[in-house]
Amino acid sequence: MLELVWLIPALPLLGFVALLIGGRRLGEPRAGWLATAASAGSFGATLVVFAGLLGLDAHGDRAFTQVLFEWLPVGSLEVEAGFLVDSLSITMGLFVTGVGTLIHLYSIGYMHGDPRFSKFFVYLNLFLFSMLMLVFGNNLVVTFLGWEGVGACSYFLISFWHTRDSAATAGKKAFVTNRVGDWGFMVATFLIWTTLGTVTYTEIAASPAMAATTGTAVSLLLLVAAAGKSAQLPLYVWLPDAMEGPTPVSAMVHAATMVTSGVYLLVRMNSVLTDDALLVIAIVGAATALFAALCAVAQHDIKKVLAYSTVSQLGYMFLAIGSGAYVAAIFHMVTHAFFKGLLFLGSGSVIHGMHDEQDMRKMGALRALMPITGLTFIVGWLAIAGVPPFSGFWSKDEILLAAWEQPDIGWLLWLVGLVTALLTAYYMSRQVFLVFFGQQRWDDGVHPHESSWTMTLPLVLLAGASIAGGVINLPLVSDWLFLEHFLEPIFAHPHHFTSGTATKVTLAVIAVGAGAVGIGFAVMVWLKGRVSSERLEPTFLENAMYVDATFARVAGGPGTRAFQATADTDATVVDGAVNGVGWLVQRFGELIRPAQSGLLRNYAIGVAIGAVGLIVWFVTRVAM
Amino acid sequence: MDVLAATEGASSFPLLNYLIAIPAVGAIVVALLPKSRSDLARPVGAMFAAAAGAMSLYLMVSFDAADPGFQFESLQSWIPDLGISWHVGVDGISLWLVVLTGLITPIVLLGVDPHHDPKPYTAWLLMLQAGSFGAFVSLDLFLFFVMFEIVLVPMYMLIGGWGYDDRRYAATKFFLYTMAGSGLMLVAIVSVAVLSSGGGHDLTFDVVALAERQALTTTTARWCFAAFALAFVIKVPVVPVHTWLPDAHTQAPTAGSVVLAAVMLKLGTYGLLRFGLYLFPEASVWLGPTLVTLGVIGVIYGAIVATMQKDLKRLVAYSSVAHMGFIVLGLFAFTPESIGGGVLQMVNHGLSTGALFLLVGMIYERRKTRQIAELKGLQTAAPRFAAVFTVVMLSSIGVPGLNGFVGEFLILIGSFHTRRWWTVIAATGVILAALYLLWAYQRVFHGEPTAEDTATPDIHLREVLVLAPFLAGIVFLGIYPKPLLERIEPAVDRLIGHVEAHSDYQRPDPAAPVMVEHHDSGDEHHDSGDEHHDSGDEHHDSGDEHGEGE
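Listed in order, the protein sequences are those of chains A and B. Start counting the first sequence at 1; every next residue gets the next number (our numbering). Start counting the second sequence at 625; every next residue gets the next number (our numbering).
Since the hints were derived computationally from the structure, they do not count as laboratory data. Don't be surprised by glycine CBs; every beta carbon is placed ideally from N, CA and C. Careful, some of the hints might be misleading.
[As the list claims (entries may be wrong)] Covered stretches of chain B (in silico footprint by chain A; criterion: 3 or more residues with CB under 8 Å from a CB of chain A, positions within the stretch not fixed):
| # | region |
| --- | --- |
| 1 | 792 to 805 |
| 2 | 830 to 840 |
| 3 | 928 to 935 |
| 4 | 1016 to 1027 |
| 5 | 1032 to 1042 |
| 6 | 1070 to 1076 |
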């Protein structure tokens, strides 16, 4: 059964090729169904492979490698086109194909009536293929293939409505910013290869540790790569803009799957991460989590709130990795895929029902008109706010505990995480109250309506997963830590919590309390109106502390001027020198042209003078 | 002569001689066509070009992948008193450039309409093909020089005769600039032959003989190499001697631009390899850091200048400067991966930049402009054309799965061994490549089209057929470059061995790969003790010709 792993990426690839050739002829909705079938088939194949993996001895090494062919064999470099099935890749594979299939299904409804309906599914299938190459690749270079592939698809999908300048610009920005991360990925790969002589994961994991400086350099380069893809400070700037894409894209690419690639990469490379680097990763993660949560507080666009929320939640995952709690990172990645996918799809349903309105100030009281969307959205809200027993509570709790147990600044990391949790509960409650509760604030002529079943079915299924997703790793009894036991073999240093039960419970209670405070405050402000909402949406936060604006100003001002100056120098100085030489030769030619007079007498005089000169020269030399 | 003895039996059928002769004869035949039948020029010419192309494919198929030396050799005495002979042969390095030349010429001949005077146009293109074949297979310095100069004439004529508004200026600049470089090279060629001849007893211009002899003193070899290198870096072109290129490319007719990018620029990088590293191994090592520096400057500088271009064709021309900079870095990093990647990238660049020039030419055919500012929203009007452009663009950006990545990645990973910091800087070129191409794409293809843009026709079947071979190559080489790599590698390996034998350079010893079972993800093998470092990381003496001792 494990041999079928090639089928997992092959099916979406097949779908992509089929749709590329005949998508337009298939038309709506058949093109969408074909893509969804390809995705569902891929999910089925993943389940089969998963069963095969479970069939391997749990106490041995549960891993399977399949090599298709030699991709880049030169000199001592050997890069295979191959797949690695182990507990990590199969976990990723399951939720990528699972959530992916639901989003494919949802898109059939969401993209209804779009003139480029089939094109959308071309990209969606290509994206899924790339994502699965990223996850199942057995070496860094195949992962990089997927890594760049999802980047390219993200570019296509963000700028899907490319006649809108903002969408086109956002797509380009995402690609270029991601490329900064890709630079880190490439240089990290070079350094690993020249140091360890391999780029294959199993061989890297089995290699002796690198020298401390090399190891840290590799780790930090991987962090650059991960920060680009997973939108961490300071490379997060592309993600909020990426909301220009259709909402299913935001759900799939920019919440559930692609943006978790950075987390995956760091977890996959856990054996090379040094302690120094882990600390940096934890700090970057915590800072990002807090920063983005603050920004989310003051957004008015329904998707922008979720975008900053995603950045913030990814920060949590980085914090977990930095704390060595890789399982917690993966756990949160999975639950986040469920509830954030759900929230994005829910927001899409709202936007759809509101005739493309995204401003939350023009919504309100939608609960009654969109019951399924409303109810499932509330489930997502409770999950992300960390309300027990919803899935988000369990995964977030583990991260906070891991941060707490860090030496030296652990308490600070924990505190930042806690404040973020409070803010998360607050801004999500604000969103729910603004959209689904309170007064109707929409314009005349807008008739909000519930969406079709292809859109609501995925909502219901994801809501179920968001409620119960925690069961994959419940800390109540050791035997229930399925995910932890499953993933443990892939870690060089399995993480173990050291705190006693009392500490664990206390921390959990504090975290729940923080969530309650956040929700309670939001109730006072946005539901009951007891506290004025003035000054709670500061412009400074609405503009995301002007980080992006500053980047844009530098790039557009001095950056562009420097580029232009270089181009001008090329035209005037470098090329000018060449033309200058040409000019000089011409002038010189004109200068000596009179010598070529054609008069024999002049030439004879010249010869005579020369001869005399030569004789004089010889005579004087001989005389000396 | 030992070389003679060794090869006379090997070449029963002088395939390469015919390869050069066919397009040359074709050029004459086309030129002799009656003026009234000039409509026959392109079909007849294409037949000759395609015959040569087919022959180059035959060459590829019957090439012995395991043999690192020259194959299909042919050696005839030409001017015996001066030791000049007609000596040709291909190895794994030149093979692919021959194939590229063989395939691209018939495609552009058939696919691109010259609009006027098809007879001389076809004849010049065939001359160009013959000369390029000759330059790539010459194993005699004199013969090479003749071929290297011959190709200038048809290109000069093509630019001057079928180019755009500023064609005369561009053609003259192109001709004089390249001539200036090759003038010095001629002096160096004569010097090498004479000074290696042991007082004139054994004068030869044979490349193999001279390379094996290595009879020059270190200083002389360095001077001679410098002269060769100057001629070649102008051809590549390397910053700062690149400014003929944007003018030539922009003013040349589409076919000229394509051949110029795909074939002629490769004469520079190929020359550096064949007549630089091979003839002057010690001097190449000596001048390596300088050339690598210039290459890396080209990568960044070319990309920055490309970003600010207003004319699409100039933009592509500057992107060529950046791409060729990568190749120069790879060649003078002296590792099998970097040089192998460099050779592969010569082919890749021919495909992706050649296709870009074709596409820009198609835009010009439709709109009579190449100005980015005058185009908008073409994706709406011509979605299929935009899709093809996107694939080629992504290839040029170096997205994995397509050909550009393979070459670039191999160059960089190989160069990282010996030119660490240069490589780190060059790798930032991939960010800039995304910037200039995507920005241009956005301005031309995205946005709301004007009425004029909406009227732009989508891609025709004929254009699809012209581009199809390029697209096939772009995808195939991205996924399965092995057939090329396994033929390139032995030749490159031998060349590096030659450099090692005649200089103090030693290729880095790759850290022994750790052998583990594939079913093994074993954490129990893992020892995280930071003190157990097995590899020298401390000595960051990157960039010197000794490389990083790992």
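Verification of the supplied hints:
no.: 1; hint: 792 to 805; verdict: holds (count 3)
no.: 2; hint: 830 to 840; verdict: violated (count 0)
no.: 3; hint: 928 to 935; verdict: holds (count 5)
no.: 4; hint: 1016 to 1027; verdict: holds (count 4)
no.: 5; hint: 1032 to 1042; verdict: holds (count 7)
no.: 6; hint: 1070 to 1076; verdict: holds (count 4)
Checked against the numbered hints given earlier, this structure breaks only hint 2.
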